Amino acid sequence: MFGYVKPQKSELLVREFEEYNGIYCSLCKSLGKEYGMAARLALNYDCTFYALVLISASTKPFPSFQKGKCVVNPLKRCLFCKENGMEFRQASALTVILLYHKLIDDIHDSKTIKRFLHILVLPIVRHAYRKAADDYPQMGQIVSEAMKEQRKVEKSESPSLDRCAEPTAHMLEQIMELSSGEELSSPRSRVLNRFGYYLGRWVYFIDAADDLQDDLKKGTFNPLTVRFRLNVTSKWDKIREAKTFANEILNQTLSQLDAASNLMETNLLGPIVRNVVFLGLPQMQKELLFKREKTNV
Amino acid sequence: MSDPYRVLGVSPNATDEEVKTAYRKLAKKYHPDNYADSPLADLAGEKMKEVNEAYDQITKERKQRKRGPQGGYANSNGYSAQNTEFYDVRSLINAGRIADAEQILDGVPIERRNAEWYFLKGTVLFSRGWLDEAYNDFAAACRMDPSNGEYRAALNQVTNQRNGMFGGYNPNVPQYGGVGGCDLCTSLCLANMCCNCFGGNIYPCC
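Order-wise, the sequence lines are chains A and B. Mind the numbering: the first sequence is residues 1269 to 1565 in my numbering, read in order. Mind the numbering: the second sequence is residues 1266 to 1471 in my numbering, read in order.
Hints were generated in silico from the structure; no laboratory data involved. Since this is a predicted model, take the numbers as computed values, not measurements. Heads up, none of these hints are tricks.
Distance condition first, Cα-Cα at most 30 Å in a straight line; then the derived BS3-like pairs of lysine-lysine:
| # | chain 1 | residue 1 | chain 2 | residue 2 |
| --- | --- | --- | --- | --- |
| 1 | A | K1328 | B | K1290 |
| 2 | A | K1274 | A | K1486 |
| 3 | B | K1293 | A | K1274 |
| 4 | B | K1293 | B | K1314 |
| 5 | A | K1485 | A | K1503 |
| 6 | B | K1294 | A | K1277 |
Computed list of chain A residues with no C-beta within reach of chain B, every gap over 10 Å:
| # | residue |
| --- | --- |
| 7 | K1274 |
| 8 | Y1313 |
| 9 | C1338 |
| 10 | K1350 |
| 11 | P1435 |
| 12 | E1451 |
| 13 | W1504 |
Each residue gets a CB set at the ideal place from its N, CA and C atoms; glycine is no exception.
Please put together the full structure from these sequences, using the hints given.
And the structure:
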């Protein structure tokens, strides 16, 4: 579920690239400070993007950066945001909460050794999770509701694609809306609401398309196998057909995400958000849905 | 009103051409087509209005053209109410009361569900973000009534979205910067190298 929302680096300005890295490093630092050294391992691009959107859409003055030592690599000097703001604490909490639920999910799905390993790390993650859910009770509740809803949908009789995507989309919608810190009817909150919804929907479908072959092998749930009636014996062209279809759904979702991000009022970090949405996500579609198949044939 | 040049993001010294380009770029960004059936349509409409007004004001001020503003893009996204069986549903959708509209639609018995029903259901689903089922309903509406322009336009719109015309990735369209072995760029480089004779610049041509 992680690692799909990235910028296209070649199209960033050097300044923007440094700022993006700065936010990445600041989130890492914040994770360490709030949830302990081990939590830094949970750092991912998606939650970095979450922090980035919050900062770029906030009305506060532009954050200032300063150089500091990297914790993981003492020889490296990184840029950090000067203060550990609200946004980073929220993004750290989200990282930990999502990680916990992903782990629980994996324990449900996986077997034998892997399952055993997952159970081993569970207490550490659960400890961090409890703290995060205490600090941000609403966020914890939104995510657990979504997971519950997702399991319910997966158990139902041949659910439609839109229904499958709804829990994830709705989850990000609520999280984004929550973080706007304004009334629900305000333009900023409304735009963030739709932005979150379509981002969640996009992430759900790219994840489904990316995991398609794995899910087929393991026999785990995937909305595309339901829609296209695929199974382990399905031929390559059937799978490709499903992936092309997934690309169309992703495009349609992006058309709405683009529309929402055009309406977002942003500060100087806005171009990075636009880079991710307009270039990074399509690039990800290209790489995951069309490039890999050539090497696999 | 705020500074029209700020709205368009150009300096007051910009040439007419620059102003026009900036205007077109913004008009494309906030164009109603991008927000058809989107719950954010009103916000985009406001932006569009702001941009149109700014452009109008600038062109008026400059008075350099004989004819004034060209009007910009029309901003109408209401549904026509002619020949409709679902007048109440359409007015609810126009008012943004999507949940109420859906409730009425779902109450319609299956034998009364005609092309218009599928079109309106698609519209409702689209604003909720259920883009795939919306697509299927628009397609169903077009199958049942192929001659209707309204349904056809909605289907074309979502088909174009799927093909990546409004963002995304289309595997059949070559991307910018795709470097092939013998494309124009490479040939020019080679030609340049020949002229310069690998740094020698024997023929003073470039």
